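There are 2 protein chains.
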Amino acid sequence: MINKHMQKLGEERSEIRELFEYGARRKAEIGAENVFDFSLGNPSVPAPPCVNGEILRLIAETPAETLHGYTSAAGAPEVRKAIADEVRRAFGVPLPPDLVYMTCGAAASLTAAVHALAEEGDEFIAVAPFFPEYRVFTEAAGAKLVAVRAGGDFHLDLAALEGAIGRRTKAVIVNSPNNPTGAVYTEAEMRALGALLRKKSAEKGEPIFLLADEPYRELCYGAPPVYPMNVYDDVIVCYSYSKSLSLAGERIGYVAVSPRCTAAEKVFAAVAGAGRALGFVCAPVLFQHVVARCAGKSADVEEYRKNRDLLWNALRSYGYECVLPEGAFYLFVKSPEPSAAAFCARAKKHELLLVPSDSFGVEGYVRISYCVDRKIIERSLPAFEALRREYDR
Amino acid sequence: MINKHMQKLGEERSEIRELFEYGARRKAEIGAENVFDFSLGNPSVPAPPCVNGEILRLIAETPAETLHGYTSAAGAPEVRKAIADEVRRAFGVPLPPDLVYMTCGAAASLTAAVHALAEEGDEFIAVAPFFPEYRVFTEAAGAKLVAVRAGGDFHLDLAALEGAIGRRTKAVIVNSPNNPTGAVYTEAEMRALGALLRKKSAEKGEPIFLLADEPYRELCYGAPPVYPMNVYDDVIVCYSYSKSLSLAGERIGYVAVSPRCTAAEKVFAAVAGAGRALGFVCAPVLFQHVVARCAGKSADVEEYRKNRDLLWNALRSYGYECVLPEGAFYLFVKSPEPSAAAFCARAKKHELLLVPSDSFGVEGYVRISYCVDRKIIERSLPAFEALRREYDR
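Heads up: the protein sequence lines correspond to chains E and B, in order. Just so you know, we're using my numbering here: the first sequence kicks off at 10 and counts up by one. Just so you know, we're using my numbering here: the second sequence kicks off at 10 and counts up by one.
Incorrect hints may appear among the rest.
Which copy is meant is left open, so a pair is good if it fits within one copy or across any two.
List of simulated lysine to aspartate or glutamate pairs, DMTMM-like, C-alpha gap at most 25 Å [stated by the list, open to error]:
{"#": "1", "residue 1": "Lys36", "residue 2": "Glu87"}
{"#": "2", "residue 1": "Lys153", "residue 2": "Asp107"}
{"#": "3", "residue 1": "Lys90", "residue 2": "Glu38"}
{"#": "4", "residue 1": "Lys275", "residue 2": "Glu30"}
{"#": "5", "residue 1": "Lys153", "residue 2": "Glu129"}
{"#": "6", "residue 1": "Lys17", "residue 2": "Glu148"}
{"#": "7", "residue 1": "Lys153", "residue 2": "Glu24"}
{"#": "8", "residue 1": "Lys343", "residue 2": "Glu38"}
{"#": "9", "residue 1": "Lys17", "residue 2": "Asp131"}
{"#": "10", "residue 1": "Lys90", "residue 2": "Glu360"}
{"#": "11", "residue 1": "Lys153", "residue 2": "Asp131"}
{"#": "12", "residue 1": "Lys357", "residue 2": "Glu24"}
{"#": "13", "residue 1": "Lys358", "residue 2": "Glu372"}
{"#": "14", "residue 1": "Lys17", "residue 2": "Asp242"}
{"#": "15", "residue 1": "Lys17", "residue 2": "Glu129"}
{"#": "16", "residue 1": "Lys315", "residue 2": "Glu171"}
{"#": "17", "residue 1": "Lys275", "residue 2": "Glu20"}
{"#": "18", "residue 1": "Lys209", "residue 2": "Glu394"}
{"#": "19", "residue 1": "Lys275", "residue 2": "Glu212"}
{"#": "20", "residue 1": "Lys13", "residue 2": "Glu227"}
{"#": "21", "residue 1": "Lys209", "residue 2": "Asp166"}
{"#": "22", "residue 1": "Lys36", "residue 2": "Asp382"}
{"#": "23", "residue 1": "Lys90", "residue 2": "Glu30"}
{"#": "24", "residue 1": "Lys13", "residue 2": "Glu215"}
{"#": "25", "residue 1": "Lys209", "residue 2": "Glu70"}
{"#": "26", "residue 1": "Lys208", "residue 2": "Glu20"}
{"#": "27", "residue 1": "Lys384", "residue 2": "Glu70"}
{"#": "28", "residue 1": "Lys90", "residue 2": "Glu21"}
{"#": "29", "residue 1": "Lys36", "residue 2": "Glu74"}
In short, the hints are calculated from the structure, not lab data. Source: prediction; values computed, not measured.
Construct all of the structure, not just a fragment, from the sequences and the given hints.
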């Protein structure tokens, strides 16, 4: 009677969003300050002041029928130009505005790019652990997700990637800074990935794309990551302002097709066609203009660094195992027992909401989103310690 | 190398949006006041003052990290409740908030609903002329669009519909007030449609859904249309605030599954699953709260009525044939020559941008969107008259 696969996706929903909703109910029961909700990547640092400032200016300056009206499907021309200019300024890539397609955030950037590329039976490679929705998005496009385990400290394992790339590989999805591990790939490993993809594309006789999922680009605690278009030609960048400008709920981002991409205009047309078929029409217009006017600005990363340091040091002192994140706002912690789900269930009794790693494509870890108020982290530490002590008995 | 179907969709794009972009370029060349752009349904009446008023209040009252953060996938609980309350108040339907799914506008409402229902080989019936994207959306879900010609004055032809409904019919899409004809179906014909669908569902042994595409509900010049949930049980309402609140570019709307629908919770889960798979995450949060706070308000319909009367009377006096629209903001005018495309090309020389009817599923008509500044209509009248005179020679 209805599509069973969609029903299943709706009923299971994302484990992460399920926990988020449990957290909301639990907070209503026992008070927000007593639930240590580390489930969702919902930025805790407010949008920089330019965001609300530009909203007020746009409302004051623009007639309502223009301000809230349709733009072209790919976005308002001045917005696309502002973004292309910023990419040129920041990364030295001569991106023309015509290769910028405004989207309703990172998920929309990914579904548009994946549907643009995917043909029945194609394979998309992701580095595990990976954002669980990669599987949902690629399967919805009739393609298959192939998981390749990350190497040491969750960086790229190039030999494993080489072994996984085959005749049906359409693209490799790279997410750096990484959700859920916080790994930021070095320039050297990204260049090595570019070389590998050039070699494999030559063998295949057509390009293997690099899909760069980049919502965390600005959330970096060391050297900024290399821009993917500078290490490889067949690149599609899927960007979002959800994290950089703390606008996760506003659904605003873009797809940029590298000007050096094979048949870049055709790839761009396919992205636009996919956006059309999926029902996107245009990206939310007020926030198109807001992000264009806030180009180059970002939320205060130092706040996240303080959260990271506080939590990472404490967890290590209690005996948890965890690699120090180089970017994003997640800790990926080894579960003290084999089953991450069992560990998370135990954590829940301490009001700690953690996400088991299974849906990220690896077992035995939990993801802790530390984009929360620092007071929550401080208040949560005794709970983390008590939880760890249960395993000493 | 890429998905050719998506490339084609991106290259052809919507004929309507293509014209809209030609219009933007042409306005830059010869001045906005000299291009008579009737191509796009972009509301000309500004959003009611409550919209910008509530944006300012939300910014003043709400911390930025809450205001712009994620909501649950289906929408903020208070927003879903406000919409359910408004449906109960306005139409007497006991819609629970749990059956309201917030979307990124009408197109997203439709793609989520169609993907929720469609299984390979299913048929969706639309009444021709119909919004061209119905075909794109149903085909993207692996289904087939079956067109059934409208009857007299573009109202429903129930006998034709009965003939078209078959074993593979999953749903009938109804759009009243109608784009592109302006027809508003009477309560009697909607009740007759309900009776027909009940009969055909019984024959099929499972429900045939009524997909009610309702963005123009409030744009009505006579009696308001009956609420579809009051004439039939298996109803999914696809709503958008694009026209009612003049927020076309902000992408905000909802799907409501009737509480009387067979397995309503499963249907709702499938809608949510489809939204997830398509990459929607959540509807834009600021405008979720804005529309909840503006419930029951709408843009000034009298302005559209004045446009309709001015243009319809003038066109009729020049010798054009056109049914008087009962709602929405479109005139559907018979082309004075068999080819609507040829007529539109001729109109373009008079700077009149009209949309040929072919992509709407019928030949020989043009759609004129009269949601434009009245001065543009006044200035366009000599051009319409001169264009008509060319056919008298």
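Verification of the hints:
no.	hint	result
1	Lys36 - Glu87	between (43 Å within a copy, 16 Å between copies)
2	Lys153 - Asp107	neither (30 Å within a copy, 33 Å between copies)
3	Lys90 - Glu38	between (48 Å within a copy, 20 Å between copies)
4	Lys275 - Glu30	between (41 Å within a copy, 19 Å between copies)
5	Lys153 - Glu129	both (9 Å within a copy, 19 Å between copies)
6	Lys17 - Glu148	both (13 Å within a copy, 22 Å between copies)
7	Lys153 - Glu24	within (21 Å within a copy, 33 Å between copies)
8	Lys343 - Glu38	neither (30 Å within a copy, 63 Å between copies)
9	Lys17 - Asp131	both (23 Å within a copy, 19 Å between copies)
10	Lys90 - Glu360	neither (47 Å within a copy, 28 Å between copies)
11	Lys153 - Asp131	both (6 Å within a copy, 24 Å between copies)
12	Lys357 - Glu24	within (14 Å within a copy, 54 Å between copies)
13	Lys358 - Glu372	within (21 Å within a copy, 66 Å between copies)
14	Lys17 - Asp242	between (38 Å within a copy, 23 Å between copies)
15	Lys17 - Glu129	both (22 Å within a copy, 17 Å between copies)
16	Lys315 - Glu171	neither (37 Å within a copy, 67 Å between copies)
17	Lys275 - Glu20	between (37 Å within a copy, 8 Å between copies)
18	Lys209 - Glu394	neither (48 Å within a copy, 63 Å between copies)
19	Lys275 - Glu212	within (22 Å within a copy, 47 Å between copies)
20	Lys13 - Glu227	neither (39 Å within a copy, 34 Å between copies)
21	Lys209 - Asp166	within (16 Å within a copy, 58 Å between copies)
22	Lys36 - Asp382	within (14 Å within a copy, 50 Å between copies)
23	Lys90 - Glu30	between (39 Å within a copy, 16 Å between copies)
24	Lys13 - Glu215	between (36 Å within a copy, 15 Å between copies)
25	Lys209 - Glu70	neither (52 Å within a copy, 54 Å between copies)
26	Lys208 - Glu20	neither (42 Å within a copy, 31 Å between copies)
27	Lys384 - Glu70	between (39 Å within a copy, 22 Å between copies)
28	Lys90 - Glu21	between (40 Å within a copy, 23 Å between copies)
29	Lys36 - Glu74	between (40 Å within a copy, 17 Å between copies)
In the structure shown, a violation is registered for the earlier hints numbered 2, 8, 10, 16, 18, 20, 25 and 26, in ascending order.
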